[in-house]
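Line order of the protein sequences matches chains A and B. Position 276 of the first sequence, counted from 1, bears residue number 276 in our numbering, the numbering being contiguous throughout. Here our numbering runs 599 ahead of the position in the second sequence, where the first position is 1.
Since the hints were made in silico from the structure, they are not lab data. There are no misleading hints in this set.
Examples of chain B residues toward chain A, derived with CB under 8 Å: (1) 634; (2) 685; (3) 708.
Backbone N, C-alpha and C define an ideal beta-carbon position, used for all residues, glycine too.
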Amino acid sequence: MFDIFVLPFCAGVVALLAVSLMKYIRWINSFSKRQQITIRRNILSIKILPAIWEMFRECLLHWRITQRNLLLGYMHRSLAFGWFLLIVVGFVQALMACPGGHPFYAAIFFNYFEPRSERIVEFAHSQQIATLMDVLLLYVLSGLFLAMLKKVWSKPLGMKRTTKHNLTDRIAKFSLWCIFPLRLLAEGATSSIYGNGGFLVRWVGTVIAAIGLDSAEIEYLLWVLYSLALGTFFTLMPFTRYMHIFTEVFLIYFRKNGVIEGNKPSGYTKFELSACSRCGICIDHCPVNRELGISNTQGVYLLQTIRNKDLWHRAEQIAANCMVCDRCQVECPVGIDLATIRRQVRSEAHTAIDKPVGYNYLERVHPFNAIGRIAYFGGCMSHLTPGITSAMEQIFKAAGQPYWYMDKEQSICCGRPLLQQGLVKQAEVLRRKNRDMITRSGATMLVTSCPICYQSFVKEYQLSIKVMHHTEYIDMLLRSGKLKVKAGSERIAYHDPCELGRGCGIYQAPRDVLGSVGTLLKTKEERANSLCCGYNLGNISISTDQQQLVRDAALGNLLAPNPDTIATACPMCKRSFARANAIPVKDIAEIVADSLVQD
Amino acid sequence: MSATDFGFTISTTRIVDFDAANRQRYEELLSRVPSYKYCIACGNCTATCTAGGMTGFNIRATHLKFSRGQYEGLADELNKCMLCGKCVLVCPRGVNTRALIVNMRKLLEES
Ligand code: SF4
Ligand code: SF4
Ligand code: SF4
Ligand code: SF4
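My request is simple: use the sequences and hints to build the entire structure.
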């Protein structure tokens, strides 16, 4: 059971396995210390079960993509799951047909060898399996049709822009697209000579005969082309975006085992980079693309540029343009940690100036004895929106909660703005100081008004006391009855700040609070889909005019249901919207303070 | 004639010699942060500055000095900034002060 035309396929498989194995081993070897320890500790843990489930769900069924758009999900699923089943059922077919064993390529070229090899015997249900194989091939072909459609008309698949690919990617894609039609034609040609195969293949065989083609002549050529297409695709695969097919499996495994990105790129980053399928889902919703037409900042291009080392300086600019709104991160079906990778790029670009030597003056800020009190951290930005901090002080007093406004006089930044620019060491100095102040004060809880600080305290500080954003805190006070408000008739549209919503997952507490003082309106793009207010501190590269364009889009969304007031929970967002002078913009704390009922 | 001690002296000269100053880095800074063109040296940024609240750090002075080519001690001064962003929000001219700081630091480092 051999013919020379199987060689391109076999060579392709060998090349694919050799190159990807080499790459993976090299990447795993360059995991950071911490990542290696995590993996070693968890390698045989029970977490493998949810990991396998997620691999199945995401790599084969493409569940997350399906949730975004049914048709797009169907396209990805039919190609991945359909091909997977085609291989599995093909092997079963070959196994049953050759009780004496068979070479591994027999399953791939089964229809060619079936009538020719004496090692292939008659087996039970052979016709049903042939039919099943045809159904599967049809399934894959339907996905292929959608993929082609997407290139010319992407709207039905829920996408405005599709990804631009480079040359190798395009050759690989072309060979991939050829594989299945060639397979169908080759099997059809064989069928028209020997009459084997299922309904589809036979029908193609009849058509070939009907249009007067000489099957005996073209059959061999078609099988050669099929094998060549497979061989080309497999050989190119490790050098193209299709590497994501296997890489995502590993990525899911590592992630489920608790591996996370570090401050510096490592082998794990390599896995993330190559797990990107370049589906392009991250492009459409990016505000920098939508409002400013900058379409190279999004995950897909950032990762592509990083992979291409020669373009490093461009990766820097690309990363600088981003607003760090995290929209692409929640959209990405592969769940790539785009924010951290972006920060790594910025960090590399700023290594020379990341010198934590200028903060000696912080020694003059002394800890305060606040045992048993709540530490309130307004944040730098709240100093420019004194309405928020005074509302919070009013609320603390009304609820009878002893508090310590820790950054009232001498404020120390939480460090996140530095971190967002990749100035890791500098940020650490500020964090150390704040952590020390909080720990030594003896405070029982930390409440902050700024979502940027909040995210920083929650994710970067490892404090031993509870940290709450003021929206959560007010919600808690209302629920426990310590704070009483009167319900009004104000119609309120709430803006989810990026850092609070997508950043920390807090969507409900602010809504509950607003619901108890007024009528909360629904907006079109809210919660995880909320639009960036344009003033995110994560960007130091776009201009004020550009910020305003981004802001106006978010404002339009908020004004659509005709509210009396725009509510937000972030001093930056408040400033941003307030500058547009459209309607009153208030922080939740201010709205609550205005509706307090004193007993 | 012997010098008389009045208990004060005339202040040292504050003349800025633009012929001696190398303005190349300033030009580069302008190309990286175009909004700096609009700075009117009003000092709002300094007035609100978080670091300035605790030290003598004067952000307006640093970029003014940079633009005049007076680099002495500038890098050390700029290290005090926490990049908190208050200065950006108060600038009446839309100057991207944080970009200014990061790029001044980079330019000083590059030379
Ligand atoms: S980063 Fe995620 S969303 Fe963007 S192209 Fe890659 S896989 Fe798709
Ligand atoms: S974080 Fe926001 S601004 Fe940055 S690339 Fe993603 S969607 Fe665009
Ligand atoms: S606030 Fe703006 S215009 Fe005023 S000095 Fe600072 S940068 Fe210049
Ligand atoms: S970013 Fe720097 S210069 Fe601006 S206010 Fe904050 S500490 Fe001061």
